[in-house]
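S.K.: Sequence:
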Amino acid sequence: MKVVEVVMEKIREKVDPNTPSDVYDHKGVDRTKEMKLLVPNTSAGMVIGKSGARIKEIRDQTGANIQVYPKAGSQEAKVSLERVITIAAEESDVVMNAMQRVLEKVAADPQHASAIEHKELDNSFGAMHAHGASQTSNIQPFDFANRQGGGAPFGAMQQTQFAQVGAAQVWQPTQQRLLGEHISSLLNS
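Residue numbering for the sequence shown follows this note's numbering, starting at 12 and increasing by one per position.
Just so you know, these hints were derived from the structure itself, not from any lab.
With a straight-line cut-off of 27 Å between C-alpha atoms, the simulated BS3-like cross-links for lysine-lysine are:
id	residue 1	residue 2
1	K89	K61
2	K44	K21
3	K61	K82
4	K25	K38
5	K25	K44
6	K67	K38
7	K13	K25
Taking CB as the label site, the calculated pair distances span:
id	residue 1	residue 2	range
8	E87	A64	18 to 24 Å
9	G84	E20	35 to 41 Å
10	S32	L92	22 to 28 Å
11	Q122	G74	28 to 34 Å
12	D71	G39	16 to 22 Å
13	K89	E68	20 to 26 Å
14	P121	S91	16 to 22 Å
Positions of the beta carbon are idealized from the N, C-alpha and C atoms, including for glycine.
Use the sequences and the hints to build the structure in full.
M.R.: This is the structure we're talking about:
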């Protein structure tokens, strides 16, 4: 969790207050006081629990505001392979505590480390995909625990919008892409 703390601190330093909010932001919450996780759809179910019991328990125990997108029962949630979990609180230790509890639930999902098979949908949501072609690609989750030496440093993995932590991916706003180089230098010093 130390790496996540460093990432959170750097994000807080770099977040532009004029950046417009996105659909996964909590309304009226400063972006520096929230963290987003991208998790497999099955893992989101583990976090939510039956009738929302687990997510309510985490909210009650930590005091954090936690939302899962897309909302359960929506058409988007039914076809989505991944969901965004947004955790927000005024104090960073509350966010970290809630994130740790959410990640524990994600890790409890027996399918959390399985490859996610992305298939492009037919045109059920309009002309989202050229010529309605179906393509499949397997995406393997990054495994921090069994990472081999060498290869790309952690910072290099953050050149996309997502930095993976355990079985989940911590979302970073686009303006944070260069943060990876700084984190890499911190971790290597």
